[in-house]
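*Asks:* All chains, please: the whole structure from these sequences, using the hints.
Sequence order for the protein chains is A and B. Using the working numbering, the letters of the first sequence correspond one by one to residues 421 to 869. Using the working numbering, the letters of the second sequence correspond one by one to residues 421 to 869.
Each hint should be verified, as a subset may be incorrect.
If several chains are the same, the list does not tell them apart, and a pair holds so long as it fits within one copy or across any two.
Said to hold, decoys possible - Below, in silico cross-link-like pairs of lysine-lysine (DSS-like), each with a Cα-Cα straight-line distance of 27 Å or less:
#, residue 1, residue 2
1, 646, 427
2, 543, 578
3, 675, 424
4, 646, 680
5, 834, 632
6, 864, 603
In case anyone wonders, no lab produced these hints; they're calculated from the structure. From a predicted model like this one, the values you see are computed outputs, not experimental measurements.
Number of protein chains: 2
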Amino acid sequence: MAFKITKELLENVTLYIENGNNNALSGLFTEMHHADIAEILDEITFDEAVYIIKLLDSETTSEVLMDVDDDVREKILKNLSAKEIAEEIDELDTDDAADIIAELSEERQEAVMSEIEDEEHAKDIVDLLRYDEDSAGGLMAKELVKVNENWTVLKCVKEMRAQAEEVTRVHSIYVVDDSGKLKGRLSLKDLLIASTRTPISEVYIPKVDFVKVNDEAEDVANIMRKYDLEAIPVVDELGILVGRITIDDIVDVIKEEAEKDYQLAAGLVEDVEADDSILQLTRARLPWLFLGLLGGIGAAGIMQGFENLIGTDPTLFYFTPLIAAMAGNVGVQSSAIIVQGLANDDVTGSINTRLVKEMLLAALNGIILALFLFLTVFLWKDDFNTALAISVSLVLVIIVAGLIGTFIPLFLDKRGIDPAIATGPFITTSNDIFGILIYFWIAKLIIGM
Amino acid sequence: MAFKITKELLENVTLYIENGNNNALSGLFTEMHHADIAEILDEITFDEAVYIIKLLDSETTSEVLMDVDDDVREKILKNLSAKEIAEEIDELDTDDAADIIAELSEERQEAVMSEIEDEEHAKDIVDLLRYDEDSAGGLMAKELVKVNENWTVLKCVKEMRAQAEEVTRVHSIYVVDDSGKLKGRLSLKDLLIASTRTPISEVYIPKVDFVKVNDEAEDVANIMRKYDLEAIPVVDELGILVGRITIDDIVDVIKEEAEKDYQLAAGLVEDVEADDSILQLTRARLPWLFLGLLGGIGAAGIMQGFENLIGTDPTLFYFTPLIAAMAGNVGVQSSAIIVQGLANDDVTGSINTRLVKEMLLAALNGIILALFLFLTVFLWKDDFNTALAISVSLVLVIIVAGLIGTFIPLFLDKRGIDPAIATGPFITTSNDIFGILIYFWIAKLIIGM
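*Replies:* Given below as structure tokens:
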């Protein structure tokens with residue numbers, strides 16, 4: 421059942437567009453899922469994509485627009501009139517509609533909003549635009565099924581049928597009081613099993629998980645994942661039910677958060693894909709490389725400061741890449757563990773406890789590695805002092821690197837800064853410099869003995 | 421609404437257990453979500469955790485067992501009798517039940533299975549144990565709601581009520597023919613709106629997404645995410661409906677895949693958490709560090725080979741950490757982009773095209789960085805040849821590192837090996853060595869001119 425884009429398919433699409441064979445195009449896309457159409461649009465030229473968007477009906481294209489790559493969507497929207505965009509918006513759920521509107525310039529936003537026919541829909545979208553995109557309010561949709569606790573099941577079912585027409589997927593039926601405050605929920609299953617004569621107040625479940633409009637998207641994701649929820653209602657400051665968030669949006673949040681952390685750890689400062697242009701990729705990659713370059717120049721400066729050792733003990737200089745690599749590796753490992761623990765909310769206890777544990781761990785690893793290194797250098801160079809100097813400083817470098825890798829993300833997190841920015845470039849570079857400084861300092865001490 | 425473990429709460433739990441105050445314990449846990457109870461069990465001692473598991477009823481504890489950390493569960497299961505485990509299993513859906521059974525030794529598996537009262541349930545579990553845990557079969561549950569295409573809606577609703585009692589969440593009603601082959605689906609919403617007299621064959625949707633039992637978990641996740649599915653039916657080789665996978669399991673797959681890639685990139689060879697023991701953390705961290713150590717020793721050997729340069733041009737040796745760091749950084753960046761692209765299935769086109777693009781990109785980045793480095797070294801050392809040697813080799817090192825970082829994950833992927841293993845340690849270490857070799861080789865050429 422997996423859909424695969426073939427070269428032949430793309431050639432056909434291009435050919436049909438060239439020949440203006442609209443019937444063939446419509447026929448081709450009619451049976452296709454919007455996510456598959458979006459994949460095709462990502463592969464063809466931008467003019468061809470606009471042609472197809474204008475050709476197909478807005479019920480299909482609105483969903484396609486949500487699925488194409490950001491840069492493709494931006495270009496397509498630029499080529500649609502305010503009225504054409506409004507037609508797409510009319511077909512979308514409020515959360516998706518608000519996401520599209522938010523991507524437009526302020527002028528265009530107004531122009532598009534004035535073209536939207538359904539006033540209720542427009543009001544809901546304007547309401548959603550108020551919220552930060554990384555908050556519960558920014559994720560939620562206004563479409564939901566709610567019933568009043570004072571209704572009978574019979575009235576409830578009638579009202580629900582009307583409401584359900586507008587809601588793509590019914591997960592839960594939310595129960596509110598006369599003022600709109602969230603009271604509880606009815607599960608569809610209960611409804612399936614319950615007799616139609618039961619009053620709502622008797623069948624609803626008063627215990628219901630919810631989030632507040634200003635809660636962070638990542639926290640919403642953690643709650644929904646922890647409690648295996650497929651939808652969660654959102655309430656405002658007064659407890660009034662204002663929207664709901666569905667699991668499909670949360671899946672994207674989880675995926676994006678994890679990818680962002682991974683990219684930051686790999687030293688990519690922008691969200692890039694393999695298919696992005698060389699310029700975009702350079703913008704994402706160059707900042708870290710430049711930081712690494714500065715770190716390397718700093719390390720060279722430190723080594724220059726120990727240049728009188730180069731005549732007496734050149735071996736020390738041969739091991740600087742080893743020291744720098746170990747300092748970087750240990751730092752990346754310890755920071756990755758902390759960053760992941762913080763993201764999953766299971767780093768508890770004080771910073772001091774963490775640091776003591778990391779010190780013991782790093783010391784254990786360091787001593788094992790240093791013993792091996794000592795034997796290697798001693799057997800190779802037959803020089804006890806040099807071998808000792810290199811191995812002892814390796815232990816110290818590993819301990820310091822582990823402490824830095826543990827402390828920096830914890831410190832950033834306490835300050836409210838995303839600790840993920842620390843994992844890659846920052847820790848590696850600072851550990852390189854500290855590592856080499858400690859290394860030569862200790863080595864000089866031991867060799868000077 | 422967020423649940424937070426407090427010190428006070430943990431102290432109370434410990435105190436109640438010490439005093440054997442079972443009523444207070446039951447009262448405390450009655451209203452609590454199983455995921456919250458699991459969090460508490462992760463924090464208290466193992467004996468206390470077993471005490472609570474034995475105290476609470478198996479309807480609660482079975483779900484708690486699914487939510488505790490793997491190592492806590494392993495210890496608890498060891499302390500339960502086969503009969504006690506069977507009682508937990510009886511309460512669980514088949515997918516969770518099979519996961520627990522799979523964690524037991526073969527002997528215990530048989531002992532537990534023979535204690536399970538519901539024979540149908542036991543048969544389903546045995547059936548599920550056949551599948552690889554990373555396949556659709558390993559993720560699916562046997563519980564689902566299915567109706568025959570030849571039924572009337574009236575019969576369908578009656579049958580569904582009976583089936584729905586056993587299914588935690590009803591997502592879709594699957595329609596099968598007399599032989600059990602998947603024909604299509606009925607949405608609950610359609611059912612809510614449709615009149616009860618309509619025949620099934622007229623209302624069901626014949627187009628339904630499905631996966632096959634042997635499809636990989638990651639592919640299932642990609643399909644469900646792409647098409648925004650909340651459940652997907654699983655069919656066997658003959659097209660017979662055998663189970664269904666729900667989005668909550670897929671959320672875990674997505675999260676785990678992303679975390680695994682991140683951990684591998686950070687050089688952690690086992691799935692560890694900040695709270696794991698120092699021994700577990702050492703087991704996860706030491707292998708990469710050891711690889712890094714070998715790489716460093718290799719680099720030292722290479723530098724020793726160029727030792728005659730140390731008298732004439734010591735500056736070259738000061739820049740080895742810079743060269744090694746840049747080679748590592750570029751390799752990590754380019755491999756991360758490829759690994760993420762492969763995971764999201766959007767790396768298309770030939771390996772050669774990718775390599776040419778990476779070469780251009782690396783050359784561009786390399787030349788920008790080399791110009792800066794050239795000026796720095798020239799102004800610092802006032803030595804044109806050395807500055808030129810270091811900068812020119814930096815460009816070449818960056819290009820080679822980028823090519824290695826791009827090629828290795830693509831090559832591993834073609835061979836059917838998870839490319840994520842390449843990103844961290846492997847690429848960093850090999851790039852360090854290649855980088856330093858190229859650096860000295862080029863430098864010697866230029867300086868010898």
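*Asks:* Each hint should be assessed against the structure and marked as holding or not.
*Replies:* Taking the hints in turn, this is what the structure says about them:
1. Taking identical chains as interchangeable, the C-alpha atoms of residue 646 and residue 427 lie at most 27 Å apart only when they sit on different chains, with a minimum of 21 Å there against 42 Å within one chain.
2. Taking the closest pair of Cα atoms, residue 543 and residue 578 come within 27 Å of each other only inside a single copy of the chain (25 Å); across copies the shortest separation is 42 Å, beyond that limit.
3. Proximity of residue 675 and residue 424 under a CA criterion of 27 Å is satisfied in both settings, with 22 Å inside one chain copy and 25 Å between copies.
4. For a Cα distance limit of 27 Å, the shortest separation of residue 646 from residue 680 qualifies both inside one copy, at 21 Å, and across copies, at 19 Å.
5. Taking CA atoms no more than 27 Å apart as the test, residue 834 paired with residue 632 passes inside one copy only; the shortest distance there is 23 Å, against 46 Å between copies.
6. In this assembly of identical chains, the alpha carbons of residue 864 and residue 603 never lie at most 27 Å apart, being 72 Å within a copy and 78 Å across copies at closest.
Hint check: a violation occurs at hint 6 only; the rest are consistent with the structure.
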